[in-house]
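> Take the sequences, apply the hints, and build the full model.
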Amino acid sequence: MSRRETTPLRSRCMNSACGRMWSASRRRRPPDHGVGITRRIQQITRGTFDVKPGSLFPALHRLEERGWLASQWGESENRRRAKYYMLTAVGRREVDAELTNWPRIVTAIGWAIKATS
Amino acid sequence: MRFVATLFRNLWRHRAVERDLDEEVRAHFELLVDEYRATGMEEAAARRAARLEFGGTGQVKDAVRDVRPGIWLEHFWQDLRYALRTVRRSPGFGVTAVVCLAVGIAAATGLFSIVNAALLHPFPFADSNRIVSLGLIDKGKPRALSVTVPQLVALQQSDVLNGAFLPRTVGR
Chain Y
1 MSRRETTPLR SRCMNSACGR MWSASRRRRP PDHGVGITRR IQQITRGTFD
51 VKPGSLFPAL HRLEERGWLA SQWGESENRR RAKYYMLTAV GRREVDAELT
101 NWPRIVTAIG WAIKATS
Chain F
118 MRFVATLFRN LWRHRAVERD LDEEVRAHFE LLVDEYRATG MEEAAARRAA
168 RLEFGGTGQV KDAVRDVRPG IWLEHFWQDL RYALRTVRRS PGFGVTAVVC
218 LAVGIAAATG LFSIVNAALL HPFPFADSNR IVSLGLIDKG KPRALSVTVP
268 QLVALQQSDV LNGAFLPRTV GR
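Residue numbers (my numbering), protein chains in the order written: chain Y, 1 to 117; chain F, 118 to 289.
By construction, these hints were calculated from the structure, which means they are not laboratory data. All values derive from a computational prediction rather than experimental measurement. Be careful, since some hints might not be right.
Said to hold, decoys possible - Below, in silico cross-link-like pairs of lysine-lysine (DSS-like), each with a Cα-Cα straight-line distance of 25 Å or less:
id : chain 1 : residue 1 : chain 2 : residue 2
1  : Y       : Lys83     : F       : Lys178
2  : F       : Lys256    : Y       : Lys52
3  : Y       : Lys83     : Y       : Lys52
In structure tokens, the structure reads:
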């Protein structure tokens, strides 16, 4: 795990954002289990997002119900049974769409903050 | 289509879905313990740290249940079963509740029909309670005869039939 740059964000509204963020990072990666996903998000956001199971589990299940993710039981490196999640074709398409939109959202929010501060 | 499929799975294979969630939560927890143990922690300390990071397993499972399609149906079913259990345990309370509801609904609808007829849809004439319809019945004939204007005038002027008119309210 890399050094933390800021205090972790833990708001409930980050729920689906977490799933999407991880999905985005998962664009071309093998399936991963819950703990792996948490660590991966911590790593790629340099500790900004510390996703607790209370947020991670519903996010994963929601994305699975929506068909963005698929899951299957597998065995971890240290021979433990774990549920592995992977992006589906639909999920990959959605992630691509979100990735196109994301820079626009960031820019727009930047403008909004500048205008009100 | 997918929504229907998952709804079906959640409702009909409820037990399997729950067992899967149970197992997933436990597996996640054990992986966390492994991770802490790998940093050189004692078993008990690793478990404590994992519990701290995981938070309440009950809350996590509830949060997952809340995102499932068909959760409202499940809640409704639970409420219904709870209500039936309560009624069975104290039938007196149930009967009282039903009677209260019956009396209340009857009173409300009764009062509303009166208000509806008298205030909301009154008969569109002044003194509508004094309007009568006249008819003549000839003994042995199957149908009533209508009254002509001259007959009406004659009836009004004679006192033969004084008090013999049977007023009948005219419905709409």
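> Now look at each hint and say whether the structure bears it out.
Outcome of the hint check:
no.: 1; hint: Y:Lys83 with F:Lys178; result: holds, 15 Å
no.: 2; hint: F:Lys256 with Y:Lys52; result: violated, 93 Å
no.: 3; hint: Y:Lys83 with Y:Lys52; result: holds, 17 Å
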